[in-house]
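Participant: Sequence:
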Amino acid sequence: MLAQQHRMRTSVQFSAATRSGARSGRRNVVVYAHPCAPQEPTLVGFIVSKAVGNAVVRNRVKRRLRELAADSIAETPRGLHLVVRALPASAEADWTRLGADYRAALAAARRKLAA
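The opening position of the sequence shown corresponds to residue 6 in the working numbering, with each subsequent residue numbered one higher.
Each hint should be verified, as a subset may be incorrect.
To be verified - Under the rule of at most 25 angstroms between Cα atoms (straight-line distance), these lysine to any residue pairs were calculated in the SDA-like manner:
1. Lys67 <-> Glu45
2. Lys117 <-> Pro40
3. Lys67 <-> Ala120
4. Lys117 <-> Gly26
5. Lys117 <-> Arg83
6. Lys55 <-> Glu97
7. Lys117 <-> Glu80
8. Lys55 <-> Leu7
9. Lys67 <-> Val17
10. Lys55 <-> Arg108
Stated by the list, open to error - Have a look at the derived ranges for each label pair, beta carbon to beta carbon:
11. Ala120 <-> Arg68: 28 to 34 angstroms
12. Ala79 <-> Leu118: 14 to 20 angstroms
13. Thr101 <-> Ser20: 18 to 24 angstroms
14. Ala119 <-> Asn59: 17 to 23 angstroms
15. Ala75 <-> Cys41: 32 to 38 angstroms
16. Ala42 <-> Ala94: 32 to 38 angstroms
17. Arg24 <-> Thr101: 30 to 36 angstroms
18. Ala109 <-> Cys41: 22 to 28 angstroms
19. Ala94 <-> Lys117: 20 to 26 angstroms
20. Ala105 <-> Gln44: 27 to 33 angstroms
21. Pro82 <-> Ser54: 24 to 30 angstroms
22. Ala94 <-> Ser25: 32 to 38 angstroms
In case anyone wonders, no lab produced these hints; they're calculated from the structure.
Where a beta carbon is used, it is the ideal one built from N, C-alpha and C, also for glycine.
All chains should be built: construct the whole structure from the sequences, respecting the hints.
Facilitator: Take a look at the structure:
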C-alpha cells in the first residue's frame, strides 16, 4: 500500500507535474515527473479517466498502479512529484505488462529530468 505521506492530493501539485514535468509514455501508462524541494518526500498521484472503463475497472487499475508505486518508492529519489496517467489499454493489461510499462515509463521520465 502506498503510504499516506507519498500521496499527491492537491490540484496545484497535479497541474505542476503534468504541465511542466518530464513526460514518458508507454502503451498502458504515461508518467510525468516534476522536481520539487530535495528534502520533500516523493509524492505520487494517479489519473484514471472514464475512458479506461467503468468504476470497477478504474478502481482496479488504480489499485494496481498504487501497488506498483509503493513497490518502487524506495528506489525513487526524494524531491519528485510523479503523476501516473492510465491509458485505456491499461484496463486489459495483465499485472506483468502493466508493471513493465510503469517501470519503463518511470525510468525514462527520470532520465529526461536528469538530462
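Participant: Checking one constraint from the list: CA of Lys117 to CA of Gly26, max 25 angstroms. Satisfied?
Facilitator: Given that 25 angstroms is the threshold and the Cα spacing comes to 9 angstroms, the pair holds.
Participant: Looking only at beta-carbon atoms, does the pair Arg24, Thr101 fall within the given range of 30 to 36 angstroms?
Facilitator: holds, 32 angstroms
Participant: Assess, step by step, whether the Cα of Lys117 is no farther than 25 angstroms from the Cα of Glu80, and give holds or violated.
Facilitator: Judged against 25 angstroms, a Cα distance of about 17 angstroms means the pair holds.
Participant: Check the hint pairing Lys67 with Ala120 against an upper bound of 25 angstroms on the C-alpha distance.
Facilitator: Distance of about 30 angstroms is beyond 25 angstroms: violated.
Participant: Against the 25 angstroms threshold, does the CA-CA distance of Lys55 and Arg108 hold or violate the hint?
Facilitator: Within the cut-off at roughly 24 angstroms; holds.
Participant: Could you see if the CB distance from Thr101 to Ser20 stays within 18 to 24 angstroms?
Facilitator: violated, 32 angstroms
Participant: Cβ-Cβ distance between Ala75 and Cys41: within 32 to 38 angstroms?
Facilitator: Taking Cβ atoms as reference, Ala75 and Cys41 lie about 20 angstroms apart, which means the hint is violated.
Participant: Can you let me know if the beta-carbon spacing of Ala119 and Asn59 is within 17 to 23 angstroms?
Facilitator: Hint violated: Cβ distance 39 angstroms, outside 17 to 23 angstroms.
Participant: Could you see if the CB distance from Ala105 to Gln44 stays within 27 to 33 angstroms?
Facilitator: Given range 27 to 33 angstroms: holds, Cβ gap about 32 angstroms.
Participant: Does the Cβ distance between Ala94 and Ser25 fall inside 32 to 38 angstroms?
Facilitator: violated, 26 angstroms
Participant: Between Lys55 and Leu7, is the straight-line Cα distance small enough, at 25 angstroms or below?
Facilitator: Within the cut-off at roughly 23 angstroms; holds.
Participant: For the pair supplied as a hint, Lys55 and Glu97, is the alpha-carbon distance within the 25 angstroms limit?
Facilitator: Cα-Cα ~14 angstroms, so holds.
In this structure, the hints that do not hold are numbers 3, 13, 14, 15 and 22, in rising order.
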